[in-house]
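Participant: Protein sequences, first through last, are from chains A, B and C. The numbering of the first sequence is UniProt numbering, which starts it at 1 and goes up by one. The numbering of the second sequence is UniProt numbering, which starts it at 1 and goes up by one. The numbering of the third sequence is UniProt numbering, which starts it at 1 and goes up by one.
Hints were generated in silico from the structure; no laboratory data involved. Note that CB positions come from ideal geometry on N, CA and C, so glycine has one too. Wrong hints could be hidden among the right ones.
Said to hold, decoys possible - With beta-carbon atoms standing in for the labels, derived distance ranges:
(1) B/N271 to C/T197: 52 to 58 Å
(2) B/L265 to C/G150: 32 to 38 Å
(3) C/G150 to A/V42: 27 to 33 Å
To be verified - Subject to a maximum C-alpha distance of 35 Å in a straight line, what follows is the list of computed DSBU-like cross-link-like pairs (lysine-lysine):
(4) A/K55 to B/K175
(5) C/K98 to C/K125
(6) C/K184 to B/K101
(7) A/K106 to C/K98
(8) C/K98 to B/K175
(9) C/K246 to C/K283
(10) C/K246 to C/K125
As the list claims (entries may be wrong) - Some chain B residues well away from chain C (every beta-carbon gap over 10 Å; in silico):
(11) R13
(12) P14
(13) V16
Listed here are the chains, written in short residue letters.
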Amino acid sequence: MSEIFSPTFAPAARTEPVASEGTGTRVVLIGIAIAFLALFLVLPLIAVFTQALSKGLDAFLAAFREPDAWSAIRLTLTVAAIAVPFNVVFGLAASWAIAKFEFTGKSLLITLIDLPFSVSPVVSGLIYVLLFGSQGLFGGWLLNHGIQILFALPGIVLATVFVTFPFVARELIPLMQEQGSAEEEAALTLGASGLHAFRTVTLPNIRWGLLYSVLLCNARAMGEFGAVSVVSGHIRGLTNTIPLHVEILYNEYNFVAAFAVATLLAVLALITLVLKSILEWRFAGELAHGRAH
Amino acid sequence: MVETPRRKRTFRRPSVIPGFGLSFGYTLTCLGLIVLLPLAGLVVKASGLGLSGIWDVATDPRVASALKLSFGVSALAALTASAFGFLVAWVLTRYRFPGRKLVDAAVDLPFALPTAVAGIALASLYAPDGLLGAPLARLGIQAAYTPVGIFIAMVFIGLPFAVRTVQPLIAEIDKEIEEASATLGATRFATLTRVVLPPLIPAVLTGFAMAFARGVGEYGSIIFIAGNLPYVSEIAPLLIVIKLSEFDYGGAAAIATIMLGISFLTLLAINLIQAWSRRRFGYV
Amino acid sequence: MRTAGLTDRPSTAIRVEGISKTFDTAAVLHDLSIDVRAGELLGLLGPSGSGKTTLLRIIAGLDAPDRGRILFGDDDATGLAVQERAVGFVFQHYALFKHMSVADNIAYGLNARRRAERPARAEIKRRVGDLLDLIRLSGFGDRYPSQLSGGQRQRVALARALAVEPRVLLLDEPFGALDAQVRKDLRRWLREIHDRTGQTTIFVTHDQDEALELSDRVAVLDRGRLEQVGTPDEVQEHPASATVMKFLGDHVEVEALAEGGRVLVRGRETPVAAPAGIIGPVKLYVRPWQLQLAEPEAAHLSGTVRSSYRSQGRQRIEVADDQGRVLAVEDFDGVRYPAGHPVGLRINGGHVFG
């Protein structure tokens, strides 16, 4: 310190940066935030596991000895195995058309693709009932031709595709837009065909974004409740997915079994979160903007 | 001079990149069959009732009370989620503390956890004999099977929207702005309220609107904790399910149309907020 | 081979015939024609928005012209797809494939060929090795683009374009994204590569120095029209238009009078000859080095010194003339003129356009 300033008048050295709150405030705010999240988000997750194991491991495992549980698991896997690839293909096509070309009505198209996100899950199911139900627009025709859509696999798949429709597209569109078309053009000048350029240049560039969106799409597809509940008809062992099976068990006051089956979905959610976070931390630059936390 | 006449296309700017026709056509086909056609079916059904028919359904006391409950509680829940969401977003982006990344990841839990699972978990926690329900009951608050329970479920599912819309903007705040404010003599409080917070308002409003829209439409995480008593804790989406189970397609379509109308208004509001934000602050 | 443009009958490698192009509503190219000679290094010079990048992309087949033809030798290439044109295009920001190693980037064009036309794996490896040597990045084959400096990426992009043995090499602002020193080195190096390979090359730039230093011939574009094509000396000594004159460097405009085949300034004769058939008031364009400090009786202009400084062995004096304009004079008489000092200026040369 220079002698011009008398040490007695020197203010205590500030160790905290100017652009922040004091340590005390910080600790309190961090405390409130963590307590809130723990209470509202984490506790319910823990409750799933504690309730499932509340009567011991045997009671927990008993839930999986039910054939209905297995048929629900099979149905959920089947639905996801159809809905997710469908939305991947759709998302790739939509993002290719939207990100690589200039055409009128593009923002309207993006809004329409996002539409299912702003529709209540119950309404998402309802619209298919209105089309394919016995009193629906195509209901009579379907009945005459012996085609079963509602209360069967096709209806469940349709409702699931609807609620997960935007997932892949809305991740890939901004990602491809950020990446531009220069690399594809470079590939074409080097003699590559369009398909070759897509395979060797575009796909590798969007692989992490694609994986990211598939994770979220799959989690939603396997966990969807409202829309599927409306179109499934709740036929035990036939049209019950895992979430619907959980609901039935719960409404029958078979709490342990309900929570036991629910742990499957909770574990799926945890795995999804972990993988998603890993992608965000490791490949932030290769995901659509705003994903880097 | 040799002329190669070329048709001037106004719809699409020509590009050397192939595959527009295929990808665009496939996109429109899927969109039309999966999304637009079924939604149009709803509109057709509702228009069959006419405006007066929809009004009749909406003013039916049970429906009116369900709509009031859904929209009212959702607004309150979205407000709460926005306030705490802002705090969480601020803490996560501005402060460094052990476990920060874990906490950050946990924010997305409601996105990842299936709604039915969240629903039964919340119901068991807040039941009168539950871990949180019991102490609340001693305070004279009954959470489960009342609008309070609906409120809790809606805060749960709305929170990630509130956090994730403001978080990137907080991260982008230029520290120099705050330092400039400090060098000009502003207290920390003044810096926050006059310099830092105003540009974040549009994002907070957007987050609020998204949480609100999600809360109104939410079904799975609410029905278990709500108790579903008509006139007390029966939400609008549940009423759609009830109408459907009574084969009252018209009634279900009418309620759905009202809900769709409101969510489109919310969507419009979000777009207006963002347009205003772009004009005012230069970003969304 | 600086003299490539001066050989007896240079064959035409690429002929651009009457190309017009409109984007949305804005016209970008107007009826533009130019011949590119085999083996030459042609610089497309113009300000931003002059259409030079669009012309390059049209030659490559990345954009389609609204009107006109592109010929490669005697073959009409207008309808050819970009893949069939065998051009080597170096993008402004290189467009390297981020997820591929340097070697894979360079080999991309060879690997993209149909099996029947694809060289054997060992042959591809050998060619990649040769190209790595050529761009002086031997041993960098396993690196990824993100691990390279800007100048290195630029060289990889060039090698990738050369790997397919293109008919013509097209470079879009090749040094635009690099800092000054790297630019200079790369310029010299590109010239060397060109001299060694004899590859017909077109490059786009908005930097006059770059175009004049590097090119066999320079094509000056402005607002979608070709203003002039010629060797660097030609365009500098005989600019075809005021636009070319203005774009090629600092200048002052002086009110003058054309009379009897000569150009007069304030009634005093200058060494500049008036173009045939031009009589009356004209604008005389003068470069800084064509102005000289002079005694009032020999001066065409007068004014006062505003500032004077030396830089790299030259003295630059800024003179405010009596109309308040500031003229830059390059002179070196060893005298340091103080600000406010009255001086006369003599015009030793300049250009008048019809």
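Participant: State for each hint whether it applies.
Facilitator: To see whether the hints hold, each was checked on the structure:
no.: 1; hint: B/N271 to C/T197: 52 to 58 Å; verdict: holds (55 Å)
no.: 2; hint: B/L265 to C/G150: 32 to 38 Å; verdict: violated (50 Å)
no.: 3; hint: C/G150 to A/V42: 27 to 33 Å; verdict: violated (47 Å)
no.: 4; hint: A/K55 to B/K175; verdict: violated (54 Å)
no.: 5; hint: C/K98 to C/K125; verdict: holds (20 Å)
no.: 6; hint: C/K184 to B/K101; verdict: violated (46 Å)
no.: 7; hint: A/K106 to C/K98; verdict: holds (28 Å)
no.: 8; hint: C/K98 to B/K175; verdict: holds (32 Å)
no.: 9; hint: C/K246 to C/K283; verdict: holds (12 Å)
no.: 10; hint: C/K246 to C/K125; verdict: violated (49 Å)
no.: 11; hint: R13; verdict: violated (7 Å)
no.: 12; hint: P14; verdict: violated (6 Å)
no.: 13; hint: V16; verdict: violated (5 Å)
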